[in-house]
Amino acid sequence: MLTKEDTNYLTQTGPGTPMGNLFRRYWQPALLSQEIPAPDSAPVRVKILGENLVAIRATDGTTALIQERCPHRGASLFFGRNEEQGIRCVYHGWKFGTDGQCVDMPNEPAESDFFQKVKAVVYPTKEMGGIVWAYLGDAEHQPELPKFEWAQVPESHRHMTKVTLDSNYLQSVEGDIDSSHTAFLHGQVGKNDLEVSSKFFDSNKALRYLWSRDKAPKFFVVETPHGLTIGARRDGGRDHYYWRITQWVIPSVSMIPGEVGGTQRCNFRVPMGDTDHQFYRIDYIPQRPLTPEERYDFEHGTIHPELKPGTSRPVRDLSNDFLIDRALQKSGTYSGIRGIVEQDYAVTSSMGLISDRSTEQLGTSDMGVIRARRVMMRLAKHLESGGEIDAHMDGEIFFMRSPALLVDKDVPFDVGARRAMDAEEEWSRDVEWATVMPVLEDENVPGVNA
Amino acid sequence: MLTKEDTNYLTQTGPGTPMGNLFRRYWQPALLSQEIPAPDSAPVRVKILGENLVAIRATDGTTALIQERCPHRGASLFFGRNEEQGIRCVYHGWKFGTDGQCVDMPNEPAESDFFQKVKAVVYPTKEMGGIVWAYLGDAEHQPELPKFEWAQVPESHRHMTKVTLDSNYLQSVEGDIDSSHTAFLHGQVGKNDLEVSSKFFDSNKALRYLWSRDKAPKFFVVETPHGLTIGARRDGGRDHYYWRITQWVIPSVSMIPGEVGGTQRCNFRVPMGDTDHQFYRIDYIPQRPLTPEERYDFEHGTIHPELKPGTSRPVRDLSNDFLIDRALQKSGTYSGIRGIVEQDYAVTSSMGLISDRSTEQLGTSDMGVIRARRVMMRLAKHLESGGEIDAHMDGEIFFMRSPALLVDKDVPFDVGARRAMDAEEEWSRDVEWATVMPVLEDENVPGVNA
Amino acid sequence: MLTKEDTNYLTQTGPGTPMGNLFRRYWQPALLSQEIPAPDSAPVRVKILGENLVAIRATDGTTALIQERCPHRGASLFFGRNEEQGIRCVYHGWKFGTDGQCVDMPNEPAESDFFQKVKAVVYPTKEMGGIVWAYLGDAEHQPELPKFEWAQVPESHRHMTKVTLDSNYLQSVEGDIDSSHTAFLHGQVGKNDLEVSSKFFDSNKALRYLWSRDKAPKFFVVETPHGLTIGARRDGGRDHYYWRITQWVIPSVSMIPGEVGGTQRCNFRVPMGDTDHQFYRIDYIPQRPLTPEERYDFEHGTIHPELKPGTSRPVRDLSNDFLIDRALQKSGTYSGIRGIVEQDYAVTSSMGLISDRSTEQLGTSDMGVIRARRVMMRLAKHLESGGEIDAHMDGEIFFMRSPALLVDKDVPFDVGARRAMDAEEEWSRDVEWATVMPVLEDENVPGVNA
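Protein chains in written order, with the UniProt record's numbering: chain A, 1 to 450; chain B, 1 to 450; chain C, 1 to 450.
Just chain A, same shape as in the assembly (with noise of 0.2 Å):
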């Protein structure tokens, strides 16, 4: 339960806002690399933090982000011309340099030196991963960019999808985070559960399985630099549990299980306004390339959101029940929804633009949810009592897993983890496998020994 002013608290990002401030302490994600893809490109609108900015390719092919609005008249310079490494307004042809500074005003007298006054809002933006970054907060408090595995391998290892989403932010990031309600609505009814899931985790099937028979896990939440290490202990047979860990990264991102070995996940959720955010979803295989056939699957199939094209909204939203289809909830998926995106979207959405918390009941599932937000509480409250944050200025700490994997009994699971989150190691899934085969034959499960 939050009170209503704890819930603006966290939940208003814009200039000037406590939370706001804690957002801007951090690289963000301002837009793919390939929406501007060209030098001299044509500007893009970024409405980020509650700031509307423009987004250029410069003629030596490095990216800017400067103020929409025209320091002159306030004209749009989305509308703007982008030409020798700088961007010119249309409407009196002033042209600001890609550091902000305006360079040319050709409607005044020649001898005038008014234009060395003006200068335009220009936010430090940096390339890696496929994304544009961006830096809103002050120039001393710059960290290192965010070194996230999936931003370091080769652009073959990954698909990227941006979405933009109708709700604030932290509701996603609080259904990312909480990873007790996936065997629910992402789940299927009506047949075995180790017989449906997408072919993706087929190679992980007997986790899936120790998954699966346990639906109710206990979950346990380690602080750490980047914010929670969240593990979901269910049985793992024997002397072992079965942990799945969700990386939650300070302000508002997640890695949510991965398989080891194989395919990893992140979630960005980047604040536009205080009602809409733009959600990067990541997935990608540290090791090798992504077949055509996993691209084309992650293009068309169900871990992605299929998009309205030529735009980043989604085809099913609220405006349309999210095409809810009611006999396939009876007895095909649990929800009755198309997409793994689009469930989380349905029941975020569906609680307002910004949720209510006020009469929220949580239980022991939503530990993740409550230390979140009471991180992202104490943390902006010590910034606005003059204090410090400095864990992420060091890019590295973001290099890490969020696995999915068998820890001895006797072990505290973000001790038997530590090899599987980093990142650099390299993890045998054979390990594991002769770990919980043992399991699998005391249980007698159909179908995995054949």
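The hints are simulated quantities; they were obtained by calculation from the structure and are not laboratory data. Only a predicted model underlies this, so the values are computations on that prediction, with no experimental measurement involved. Careful: at least some of the hints might be erroneous.
For chains that are exact copies, the list does not tell them apart, and a pair is met inside one copy or across any two.
Computed cross-link-like contacts, DMTMM-like style, restricted to lysine to aspartate or glutamate with a CA-CA straight-line distance of at most 20 Å [stated by the list, open to error]:
1) 308 x 356
2) 308 x 321
3) 308 x 127
4) 47 x 138
5) 126 x 144
6) 117 x 293
7) 215 x 83
8) 215 x 113
9) 4 x 155
10) 409 x 299
11) 330 x 104
12) 95 x 60
13) 4 x 276
14) 330 x 60
15) 330 x 35
16) 215 x 104
17) 4 x 235
18) 381 x 410
19) 218 x 104
20) 47 x 321
21) 119 x 356
22) 4 x 321
23) 47 x 356
24) 117 x 104
25) 95 x 214
26) 47 x 276
With chain A's structure known, arrange chains B and C on it following the hints.
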């Protein structure tokens, strides 16, 4: 004329408002029974008196009306699974029985009894006359179901349309009460009124003649246990008056003048928010089933509104200027708009979402409107000050009609019409005919005696 | 730069606002005469200065502008019956004469004189130049109709388009005043400016050469009885300056530089609410009818906006990014947007519905904008403090032009251009040609002497 404060008082019906509290003493139509046609069929959203709810038909065939937001984290139960005598949120599988009690929390540990502490708001529902009725008030004040005659007759005897309208309920109710608009808004131009009326009036031609020759009747209003009985008096020739009676039923129902021995009419206006409402239009013949021709005419004629297929929204509305036909308005119908309901909706919605009454100028023909407002305000204030109301606890008081008939000049209309207003009475049209015939002969009405 | 308070002061024109009171001292275009083409034709909604009105043409051919809400209960008179020298509400048949007096209440008793006490607001209207003009102020301050030249010439001599735009009127007016944007927003790239201009400028090729070779003219502003005369000064070669004159007419009209002996131009901006306005664009040739080719070009070219069929809404607007053609923007037109009006609308609407002036940075080229704002505020405050204004009472002061011409360097521009600004004068293009020819010869302008 109403001050803005009084207009707010009368038009706001959300939780905690005085007028909302008055509405909550009465059973309200929540939706059509046929919208939740079968056990475990799909949930349907219902918005009523500012509250967002979901209606289901449970496994045993009974109905339930439950808060839309899941008590857990606020996901919409509209997307829920209606199964085994309850509704299950698709987010985490929490299940609520038809009394609102949480009966299952599959994502919490099996030993947890947290589910016992969680209860959703559920309002009592009953079915009668093809309607699921809801009672949103305190249990101690729950009255009997209102025994409207249309809800007692077999389904074969009535035709009912539910339509969603974009305006506050009150301006629509005021239109229903105010019968003096009928000869204008719903009238004809350039033709003899006797000839052009709908064929459903054919059997009462003589009375219709009396109606059409006097467009400025004198209004008389009598307070009753159910609300108001409003009589519009016209000359009936020789020693009779011709009375057309409207029953206004607290808080937002009206029965408009029906034909003795023929079709009776009832209008329900149920507030959704403060700027929209559900309108239920019911026509019925107490004594017999509608003929196929009559039913066809209700479905394709001008009495019931024409809806956008698959919705409860009218085809003609303010967004398309009600498809007004200016040529028709010149020489055919008075309004140039097709459909009785649409004609009403055109004028009431054109007043704005909540009509400003501070500049209105009311005449003697608005007496019903004035009195109904006073009754509403008096009752709501009575409740506010701790008073009680109980006239409506007995459902039998709603078993009545609103006839149009001749009454001896010496007899008060509500006395003279007493038998005709009694829904139990059968009344002979022959009596009326014998009474009015001399008038017609005196006046040499063409075609009446042919 | 304007504070938010001053911006509100300048931009709000509803009833009771200071700026609204200033506007109410002037006749305003209410709609095109052709929108109410014939006696007793259909009523048309008119929103002006925050007031919702209905325009009719009465049986005798005169026009009337009446409040949209029926004084009785508020139904819209748009749905009313325009008949026999008045408008009748379709709700209860109340009829209002063209002076607003209620003349019939057919639903009230015949003996009632209540109708005499009911009067609707009606504003004086007059027709001139294809426009129905309205005066919304006090009778005692009613001026003569403004005798704009375009409204005096026969209909054959002018082309007029009415378009509804979504922004406050002021930012559009500011664009009209500010002629320094023309060479940019409406300019060309990658071509010789002389070659690419519209054929309507052909006859003034020489002057256009002077215009295009100096994109940073110096501005001079002179206060006049009608508002401001703004001169943009460019070098005219040898002993002349080349002046392009804009007439700004209080409160929201501008005449942009026309051709001596050719097309003259006038822009009217009439506030509807505070976030939209009607724009009337008028082009005319004082001396002769437009040729069929000229008229075709106005209807299908880039000077007048392209409207969605059957509406006054532009095809290109913010919702479709003005269909900007980025390739064309690279090498064809400066903006990549088709249409002069649409180019203006793109920059002005992109500033927001009411542009925030608190961060603007104005240069010397914004002198006209600054001065016009000052005049508006001064006059509105003058009225607020009980003062009077009367320069505009005489309609003759609006009979003028805004020429572009050569003036001897020793002569103040408003003195030298006096004859050319006089709409009664005929002015010979030959004079101009003789004056500018030596300049062209000096500079060896290719193609000019061919």
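Each hint tested on the structure:
1. Proximity of residue 308 and residue 356 under a CA criterion of 20 Å is satisfied in neither setting, with 29 Å inside one chain copy and 34 Å between copies.
2. For a Cα distance limit of 20 Å, the shortest separation of residue 308 from residue 321 qualifies both inside one copy, at 16 Å, and across copies, at 18 Å.
3. Within a single copy, residue 308 and residue 127 get their C-alpha atoms no closer than 26 Å, and across copies no closer than 42 Å, so neither meets the 20 Å cut-off.
4. Taking the shortest Cα distances, residue 47 and residue 138 sit within 20 Å of each other inside one copy (19 Å), while across copies they are farther apart (47 Å).
5. Proximity of residue 126 to residue 144 under the C-alpha cut-off of 20 Å is restricted to the intra-copy arrangement: shortest distance 10 Å within a copy versus 64 Å between copies.
6. Taking the closest pair of Cα atoms, residue 117 and residue 293 never come within 20 Å of each other, the shortest separation being 56 Å inside a single copy and 49 Å across copies.
7. In this assembly of identical chains, residue 215 and residue 83 lie within 20 Å of each other by CA distance solely across copies; the values are 19 Å between and 57 Å within a copy.
8. With identical chains, the CA atoms of residue 215 and residue 113 are at most 20 Å apart between copies only, with a shortest distance of 16 Å across copies and 69 Å within one.
9. Taking the closest pair of Cα atoms, residue 4 and residue 155 never come within 20 Å of each other, the shortest separation being 43 Å inside a single copy and 48 Å across copies.
10. Taking the shortest alpha-carbon separations for residue 409 and residue 299, neither the intra-copy value of 39 Å nor the inter-copy value of 70 Å comes in at or below 20 Å.
11. Only between protomers do residue 330 and residue 104 lie at most 20 Å apart by alpha-carbon distance; the minimum there is 18 Å, versus 65 Å within a single protomer.
12. Proximity of residue 95 to residue 60 under the C-alpha cut-off of 20 Å is restricted to the intra-copy arrangement: shortest distance 16 Å within a copy versus 59 Å between copies.
13. In this homomeric assembly, residue 4 and residue 276 come within 20 Å of each other (Cα to Cα) only inside a single copy, at 19 Å, whereas the closest approach across copies is 27 Å.
14. In this assembly of identical chains, the alpha carbons of residue 330 and residue 60 lie at most 20 Å apart only when taken from different copies (17 Å versus 57 Å within one copy).
15. With identical chains, the CA atoms of residue 330 and residue 35 are at most 20 Å apart between copies only, with a shortest distance of 18 Å across copies and 41 Å within one.
16. When the C-alpha separation of residue 215 and residue 104 is checked against a cutoff of 20 Å, the pair qualifies only between copies, where the shortest distance is 12 Å, while the shortest distance within a copy is 64 Å.
17. For a Cα distance limit of 20 Å, the shortest separation of residue 4 from residue 235 qualifies neither inside one copy, at 39 Å, nor across copies, at 63 Å.
18. In this assembly of identical chains, residue 381 and residue 410 lie within 20 Å of each other by CA distance neither inside one copy nor across copies; the values are 37 Å within and 68 Å between.
19. Proximity of residue 218 to residue 104 under the C-alpha cut-off of 20 Å is restricted to the inter-copy arrangement: shortest distance 17 Å between copies versus 63 Å within a copy.
20. For the identical chains of this complex, residue 47 and residue 321 are inter-copy neighbours only, at 16 Å across copies versus 27 Å inside a copy, given an alpha-carbon limit of 20 Å.
21. Within a single copy, residue 119 and residue 356 get their C-alpha atoms only as close as 41 Å, which misses the 20 Å cut-off; across copies the closest is 17 Å, which meets it.
22. Within a single copy, residue 4 and residue 321 get their C-alpha atoms no closer than 28 Å, and across copies no closer than 38 Å, so neither meets the 20 Å cut-off.
23. Proximity of residue 47 to residue 356 under the C-alpha cut-off of 20 Å is restricted to the inter-copy arrangement: shortest distance 18 Å between copies versus 24 Å within a copy.
24. For the homomeric pair residue 117 and residue 104, the shortest alpha-carbon distance inside one copy (11 Å) is at most 20 Å, but the shortest distance between copies (66 Å) is not.
25. Taking the closest pair of Cα atoms, residue 95 and residue 214 come within 20 Å of each other only across two copies (18 Å); inside a single copy the shortest separation is 62 Å, beyond that limit.
26. Taking identical chains as interchangeable, the C-alpha atoms of residue 47 and residue 276 lie at most 20 Å apart only when both belong to the same chain, with a minimum of 10 Å there against 25 Å between chains.
In summary, the structure is inconsistent with hints 1, 3, 6, 9, 10, 17, 18 and 22 from the numbered list given earlier, while agreeing with the others.
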